[in-house]
Structures are given as C-alpha cells and as structure tokens.
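Novice: One letter stands for each residue in the lines below.
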Amino acid sequence: MFSSKRKRGQMEVIGLVVIVILISVAFLFMAQFALKESPAKKIFTRKGLASSALAAVMKTTVDPADDCGLSNAHGALSLETEILEDCAQHFPISSTLNSVYKCGGGQHSCAFFEETAKTLLDDTLGEWNKRYQLDIEVVTNDKPKTLISFPSEKGGCPENRERDTSGTFFLRAEPSLVRSVLYVCD
Amino acid sequence: MTETIAIMFIFFVLVLFGLLFFFQFQKASLKEEKQELLASRAMDTTLKALFMPELQCTNGLAEQEINCFEVAKLNNAEVIQDSIDEYYFDMLSFARITIQEIYPDEESWEIYDKPKDEYTQIEPTYFVVALRDDLSGKKSGFEPYKYGYMKVEVYS
Numbered sequence: 001m002f003s004s005k006r007k008r009g010q011m012e013v014i015g016l017v018v019i020v021i022l023i024s025v026a027f028l029f030m031a032q033f034a035l036k037e038s039p040a041k042k043i044f045t046r047k048g049l050a051s052s053a054l055a056a057v058m059k060t061t062v063d064p065a066d067d068c069g070l071s072n073a074h075g076a077l078s079l080e081t082e083i084l085e086d087c088a089q090h091f092p093i094s095s096t097l098n099s100v101y102k103c104g105g106g107q108h109s110c111a112f113f114e115e116t117a118k119t120l121l122d123d124t125l126g127e128w129n130k131r132y133q134l135d136i137e138v139v140t141n142d143k144p145k146t147l148i149s150f151p152s153e154k155g156g157c158p159e160n161r162e163r164d165t166s167g168t169f170f171l172r173a174e175p176s177l178v179r180s181v182l183y184v185c186d
Numbered sequence: 001m002t003e004t005i006a007i008m009f010i011f012f013v014l015v016l017f018g019l020l021f022f023f024q025f026q027k028a029s030l031k032e033e034k035q036e037l038l039a040s041r042a043m044d045t046t047l048k049a050l051f052m053p054e055l056q057c058t059n060g061l062a063e064q065e066i067n068c069f070e071v072a073k074l075n076n077a078e079v080i081q082d083s084i085d086e087y088y089f090d091m092l093s094f095a096r097i098t099i100q101e102i103y104p105d106e107e108s109w110e111i112y113d114k115p116k117d118e119y120t121q122i123e124p125t126y127f128v129v130a131l132r133d134d135l136s137g138k139k140s141g142f143e144p145y146k147y148g149y150m151k152v153e154v155y156s
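Chains as they are written, first to last, in our numbering: chain A, 1 to 186; chain B, 1 to 156.
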C-alpha cells in the first residue's frame, strides 16, 4: 500500500518535470524569435532610401518632352522649386488651366507632380519590394491641408508598421510653406 | 531500480535536447554572423561609393552635393574600371557598382567590377541618386537633374 503510493508520487514528479521541460523549451523558442532584432543593414537601407529617394525626386528636372508651356530663367524646371511650388500656389485644383505650368499635355502642376513622383518611386522603391507613402502638406496659419498624398501600389506605411522616414523637406511657396515626408517600410 | 532508470533516461533525454538545441543555435548564429558581416561590408562599400569625389556632384566649392553624381564623371569612369588597382580594390574589395538612370532616359554606367572567382553569395544594396548633367545643360541652356539609382553588389 505504502510502496504503491510512493510509486504514484514519483510518477507524478516525473510528469511534472516533463511538463516543466516542455514549457522551458517553448519559452526558449519564443525568446529566440521575440529578441530577434531587425538587421542593421535593413534599417540603414530603409532610412537611406527614404531620404535619398525624396531628395532625388525633388531635385529631378522635368523632361523637356513634357512641354510645360513656360520655362524658368535657366530653362530647367525642377519638380520641387517650380512644379510643387506652382501646385501649392494654385491649390485646390479648380480647373486644369489654373496652374502656371501645364506639363505633360496640359496637366495641373499638382497632377503632374503626383504622376511623375509616383512613376519615379514605383520604378525604384516599388521595384525593390518596398512600400512607401508620400505625404505633402501646405502649412498656413490654419490647419495643414493635404496637397498630395499617395501610397505605393502594395499599400502605404501606417504608423503601426515598422517604418522609416526621409525627414521633413520644407519648401517656401508664398504665402505658405510646403512640408513633404516620405515613409518607407517593408 | 525502475525509477532510477526512468530518471537516468529523462536526464539523458534532457542532455540530448540541450545539445541539439545548442548546436542548432550555434549553426544559426554562425550563419547569421556571416550574413551580418557581408551586410556590413555592403553598407561600407555603398557609403564609400556614395562619397567618392571621383563621382560626386560639386559646384566649384568645397561642399559637395550628397546623393548626387555628375554624368560627365560617370562617362569617364571607364578609366576606373579599366585600371582597377590596389587603391580601389582596398577601398571597395570584391564588388560590382552600377549606376542606372531611369528618368528621363534609361542609361547605365558600370563604374567598378571586381568579381570574386568562387563566390557563394551576392548582397545587393540600392540607393536612389540624382544625376546632374552639366554638359548637356551647357549645350541647350538646360541644366537637368536626372533620376536614377546606384546598385552595389558585394561578393562573399
């Protein structure tokens, strides 16, 4: 009687040990996955891509084939300093003729900027399987208004997603200020 | 006697589990470390290429434009490719660097190519760059900034 009780007790202890082992192994596996950090290169690439892509888009000059009707003193129209500024100064879009520059077959500067920037970003970030979100706002004394905002074909980069930013690019477009940010995520 | 055997069995199973786990972990760690080293070399090579004065945009002042290459310099970069010497090899090691213009035209320049004979892996890194074409600007009074990217592939 006494021996059988002792045996049962030992079996229970063995059972408990097995359970504890199983739980420990499960915890170890969980910890291994949970503590896995994003590789440094991934972060470096995303951060670098975000800032370099927005800087390059802003610097890019309009293809002369997209005849904008007018040209500046130097003959080259920059997407940022001419087209985006023109877009901000003639916003909201009321008709296709109300911006100074009418590039790519008479498009409003806002529509042309959006189309060109989207093509450029899709051909680079999109091709490398990165998602992005470009947000451009006009800041005046009132609440900031969205001027241009579009996500990549695969979707945007909401706040709850791990994302990197290009930093804020400012452009003075009298009488307001234009604020541009590009978010890049995987 | 039976209990002792059962306990010994569990003990050895535990040791076996531990060893298996340890070796698997070590194997994964080594692979990851190798991957990280290659990624780190890719980052270094990319940064070195991005800041090469042989390619970067300048405007006659000491300050250089970041993330910008001059097309005229790229057109003459063949010289670098042809005369890969110790200087560039020490700086860039086994790698391939290409610049691709995508707007308004499509043109590409291979500025460095030193492949490793028996490589096991290639790690590509991309960077978007502006390409300043001063020479075509001088001809037409148009000073364009083109849009393109730099692709750096390092071999391991």
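These aren't lab readings, by the way, just hints derived from the structure by calculation. Just so it is clear, CB atoms sit at the ideal spot from N, CA and C, and this is done for glycine as well. Keep in mind that a hint or two might mislead.
As the list claims (entries may be wrong) - Estimated spans, in silico, between C-beta atoms of each pair: (1) D44(B) <-> E127(A): 18 to 28 Å; (2) I23(A) <-> D44(B): 24 to 34 Å; (3) P175(A) <-> N75(B): 18 to 28 Å; (4) L70(A) <-> E65(B): 22 to 32 Å; (5) I19(A) <-> M91(B): 51 to 61 Å; (6) K114(B) <-> V20(A): 50 to 60 Å; (7) E86(B) <-> P144(A): 23 to 33 Å; (8) K145(A) <-> D117(B): 55 to 65 Å; (9) Q64(B) <-> S24(A): 32 to 42 Å.
To be verified - With a Cα cut of at most 30 Å, we get these calculated DSS-like pairs of lysine-lysine: (10) K116(B) <-> K7(A); (11) K151(B) <-> K114(B); (12) K118(A) <-> K151(B); (13) K73(B) <-> K47(A); (14) K47(A) <-> K34(B); (15) K47(A) <-> K145(A); (16) K118(A) <-> K73(B); (17) K145(A) <-> K5(A); (18) K47(A) <-> K102(A); (19) K114(B) <-> K47(A); (20) K31(B) <-> K73(B); (21) K73(B) <-> K5(A).
Novice: Does each hint hold? Answer for all of them.
Specialist: So, going through the hints one by one against the coordinates:
Hint check: D44(B) to E127(A), Cβ distance near 24 Å, so the stated range 18 to 28 Å holds. Between I23(A) and D44(B) the C-beta distance comes to about 43 Å, which lies outside the given range of 24 to 34 Å. Restraint check, P175(A) to N75(B): a C-beta distance of roughly 43 Å breaks the suggested window 18 to 28 Å. Checked against the given bound of 22 to 32 Å, the beta carbons of L70(A) and E65(B), roughly 26 Å apart, stay inside it.
Here the CB-CB span from I19(A) to M91(B) is close to 58 Å, well matched to the stated 51 to 61 Å. Under the hint 50 to 60 Å, the C-beta atoms of K114(B) and V20(A), about 56 Å apart, fit the expected range. About 54 Å separates the C-beta atoms of E86(B) and P144(A), a value inconsistent with the hinted range of 23 to 33 Å. Taking 55 to 65 Å as the suggested C-beta distance range, the pair K145(A) and D117(B) conforms, at roughly 59 Å.
Checked against the hint of 32 to 42 Å, the pair Q64(B) and S24(A) fails, with Cβ atoms roughly 56 Å apart. Between the alpha carbons of K116(B) and K7(A) the distance comes to roughly 66 Å, so the proposed pair goes past 30 Å and is violated. This hinted pair checks out: K151(B) and K114(B) have alpha carbons roughly 14 Å apart, not beyond 30 Å. Taking the CA atoms of K118(A) and K151(B), the gap is near 21 Å; set against the 30 Å cutoff, the hint holds.
Restraint check for K73(B) and K47(A): the C-alpha separation of about 27 Å stays at or below 30 Å, so the hint holds. With a CA separation close to 23 Å, the supplied pair K47(A) and K34(B) stays within the 30 Å bound. A C-alpha spacing of about 26 Å is found between K47(A) and K145(A), which places the hinted pair at or below 30 Å, so the restraint holds. Of the pairs offered as hints, the one joining K118(A) and K73(B) holds, with about 29 Å between alpha carbons and a cut-off of 30 Å not exceeded.
Taking the CA atoms of K145(A) and K5(A), the gap is about 78 Å. The hint is violated against a cut of 30 Å. As the CA atoms of K47(A) and K102(A) are separated by approximately 34 Å, the hinted pair breaks the 30 Å bound. Taking the CA atoms of K114(B) and K47(A), the gap is near 28 Å; set against the 30 Å cutoff, the hint holds. Between K31(B) and K73(B) the alpha-carbon distance is near 39 Å, which puts this suggested pair outside the 30 Å criterion.
Of the pairs offered as hints, the one joining K73(B) and K5(A) is violated, with about 89 Å between alpha carbons and a cut-off of 30 Å exceeded.
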